[in-house]
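Asker: Given the structure of chain S, go ahead and fit chain X onto it with the hints provided.
Keeping their order, the protein sequence lines are chains S and X. Numbering-wise, the first sequence is residues 1 to 318 according to our numbering. Numbering-wise, the second sequence is residues 1 to 332 according to our numbering.
Calculated from the structure, these hints are not laboratory results. Treat the hints loosely; a few may be bogus.
[Unchecked claim] No more than 30 Å apart at the CA atoms, straight line, and that leaves these computed lysine-lysine pairs for DSSO-like:
1. S/K268 x X/K151
2. S/K290 x X/K148
3. S/K82 x S/K128
4. X/K200 x S/K290
5. S/K69 x S/K117
6. X/K148 x S/K286
7. X/K200 x S/K263
8. X/K132 x X/K84
9. S/K199 x S/K81
10. S/K197 x X/K295
11. X/K295 x S/K199
12. S/K128 x S/K199
13. X/K84 x X/K127
14. X/K225 x S/K263
15. X/K225 x S/K264
16. S/K86 x S/K4
17. X/K151 x S/K19
18. S/K12 x S/K318
19. X/K84 x X/K66
Predicted model, so just to flag it, every value in this text is computed and none were measured.
For reference, the chains in residue letters:
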Amino acid sequence: MSEKILEVKNLKKYFKSGKGTLKAVDDVSFFINKGETLGVVGESGCGKTTTGRTCIGILDKTEGQVLYKGKDVHSLKGADKKAFTKEVQIIFQDPYSSLDPKMRVHDIIAEGLRAHKMCATKEQERAKVQELLTTVGLNAEHATRYVHEFSGGQRQRIGIARALAVEPEFIVCDEPISALDVSIQAQIVNLLIRLQKEKGLTYMFIAHDLSMVKHISDRVAVMYLGTVAEITDSNSLYRNPLHPYTQALLSAIPIPDPEVEEKKERIKLIGELPSPIDPPAGCRFKGRCKYATDICDKERPELREVETGHYVACHMVK
Amino acid sequence: MEKLLQVKDLKVSFHSYAGEVQSVRGVSFDVGVGEAVAIVGESGCGKSVTAKTIMGLIQTPPGEIKAGSEILFEGTNILAMTEKEWAQYRGASCSIVFQDALAALNPTLTVGRQIAEKVMLHTKVSKADAYKEAERLLTLVGIPNPAKRVKQYPHEFSGGMRQRVMIAIALACQPKLLIADEPTTALDVTIQADIIDLLKDLQQQLNMAVILITHDLGIVADVAKKIVVMYSGKVVEKGSNTDIFYRSKHPYTQALLRAVPRLDADENQELESIEGTPPNLIAPPVGCPFSTRCKECMNICQTQEPPEYEFEDGHICRCWLYHEFAQGNKEA
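The following block holds chain S by itself, in its conformation from the complex (with noise of 0.2 Å):
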């Protein structure tokens, strides 16, 4: 399990805007183990979807570097850049805007299988279209129909299908879940496991519920303002949060279960999220944090390995 399938390094995504420069990720590292799940999570403006979208080449980079099974994602060409499109794939936040609705379900699918020449015929192309709809709970049928005949849950069912559809390795889920209703929300997210057990995949899962990375994440990277805040495994992030950031962001998930939630000790956040446009130097979180000194002030905290796979970046963790 210690194949990294994707390593960023140093990576960094600006966006000029009329203020200025917007820091939507600075210097940010981390990487994916074959076969894993890397939950991402932070608060929006955090750059997690940029971080997403800049590790598959959807977005060029300003700096640093994404190495894809050793290559680097933003300078592959050709044959090269073809087979990265084909192994890795995304599921985007919004069914309803990522499904062209002038295309029937069939053609949405068979799209990529088009472009990557994996069926010889209409009839083989027919039926691997239906056997990824029914892989992933719809019917073979539903294939003829448009996107506006389907409600969210399914629509997102479509969008899974369609990622699937050129047999990727990697799949980066952007907030997959965000926009679907609670008893939805299971049904997808089962979904997503079960497909990760059957085919091997590897999952970077963004979102902003915490709790649900918690539960299908192996590892949890939480972000702030651009900048990587702590990295581990989810079930040592619940027990044992080291960034006062990550702390303030557990405290503040509701439990469903009264007694827990009256006996919960909550930490509150000094002031509002500064803006990622000349953000401020030094650490990024030190005007909302209770522990800061000066040091905070003057140099920026390196992502540290405090314990085994435990990264964190504050200068007041020992």
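Answerer: Relative to chain S, chain X alone:
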């Protein structure tokens, strides 16, 4: 506890080209003075329509409040009020906070003006006093530097602060009932926790009744002492928060609780998914609305609607499993 609001057999439909959408199909519940009640359910279950009906915000047509429905506010049936009485009631007796504060606030008016507007509408005060009241309300909801903030426009506030402004507007004129319709759905978790804490504080401090409408069972655990679970336009279960969280009776409530992962669970528990989708309310199923997705569905569930069964004081569940003939199948 003295009853502030009684909703009795409320039925609301909307007429569309496809047919009559029966959004709310016979909902009854009570809210006591100063009590916090949560209405929980998925999208399309009729929880927002119920809230809007209490506020008198249902447009007719296309909406239609069916004959026989009653909403008693301090004993008066508000559904029978005249437009003038409604204008008095709305805002002064009962206020609402919407989900999307950016859409609900007027972008062209300062925040102070939007609060003062309501104060001046319902009470005879000078403009200067109304603005003073606006400042006091901003302080009450935890917005720092209110003297400067009253002169600012909604776009100068962050999402969480905007929601606080909405709450400040709702609190003007000391309403006895505050309806919060998914007040935190668009917000991040840390801000969500702040807003929920604020609502809880205000409810206790001002002895104001609160109806919290949400799809997230987690956030109501701490706030609401009474919970109403809705499914496809009907109340399937209601009871105290301990009834619902520890002794839930309805298969839908039970499944809903098992469908969300718990942060404090040690081992990775299996999530229970509720297969299928909620029924279409243009042609709702005969019998129990949950029968199409229920794992314990019996023959009778598909043909006859279950009656109410009462367990402990006020804990009510609509499910055939608790009929005396079904007791053998499942422990009550």
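Asker: Given the hinted pair S/K268 and X/K151, is their Cα-Cα distance within 30 Å?
Answerer: holds, 28 Å
Asker: Is X/K151 close enough to S/K19, meaning Cα to Cα at most 30 Å?
Answerer: Holds: X/K151 and S/K19 sit about 24 Å apart, inside 30 Å.
Asker: Could you grab the alpha-carbon distance between X/K148 and S/K286 and see if it respects the 30 Å cut-off?
Answerer: Between X/K148 and S/K286 the Cα gap is close to 26 Å, so the pair holds against 30 Å.
Asker: Given the proposed pairing of S/K128 with S/K199, does the C-alpha separation stay at or below 30 Å?
Answerer: holds, 16 Å
Asker: Does S/K263 sit within 30 Å of X/K225, going by the straight-line distance between their CA atoms?
Answerer: Holds - the C-alpha atoms of S/K263 and X/K225 are around 16 Å apart, at most 30 Å.
Asker: Check whether the Cα positions of X/K132 and X/K84 lie no farther apart than 30 Å.
Answerer: holds, 28 Å
Asker: Take a quick look at whether S/K86 and S/K4 sit within 30 Å of each other, Cα to Cα.
Answerer: holds, 18 Å
Asker: Quick one, are S/K197 and X/K295 close enough, alpha carbons at most 30 Å?
Answerer: This hinted pair holds, its Cα atoms lying about 26 Å apart.
Asker: Between X/K200 and S/K263, is the straight-line Cα distance small enough, at 30 Å or below?
Answerer: holds, 15 Å
Asker: Would the hint linking X/K84 and X/K127 be met if the CA-CA limit is 30 Å?
Answerer: OK: X/K84 and X/K127 at ~24 Å, within 30 Å.
Asker: Check whether the Cα positions of X/K225 and S/K264 lie no farther apart than 30 Å.
Answerer: holds, 17 Å
Asker: Need the status of pair S/K82, S/K128: alpha-carbon distance at most 30 Å?
Answerer: holds, 21 Å
Going down the numbered hints, you'll see the structure goes against none, and every one checks out.
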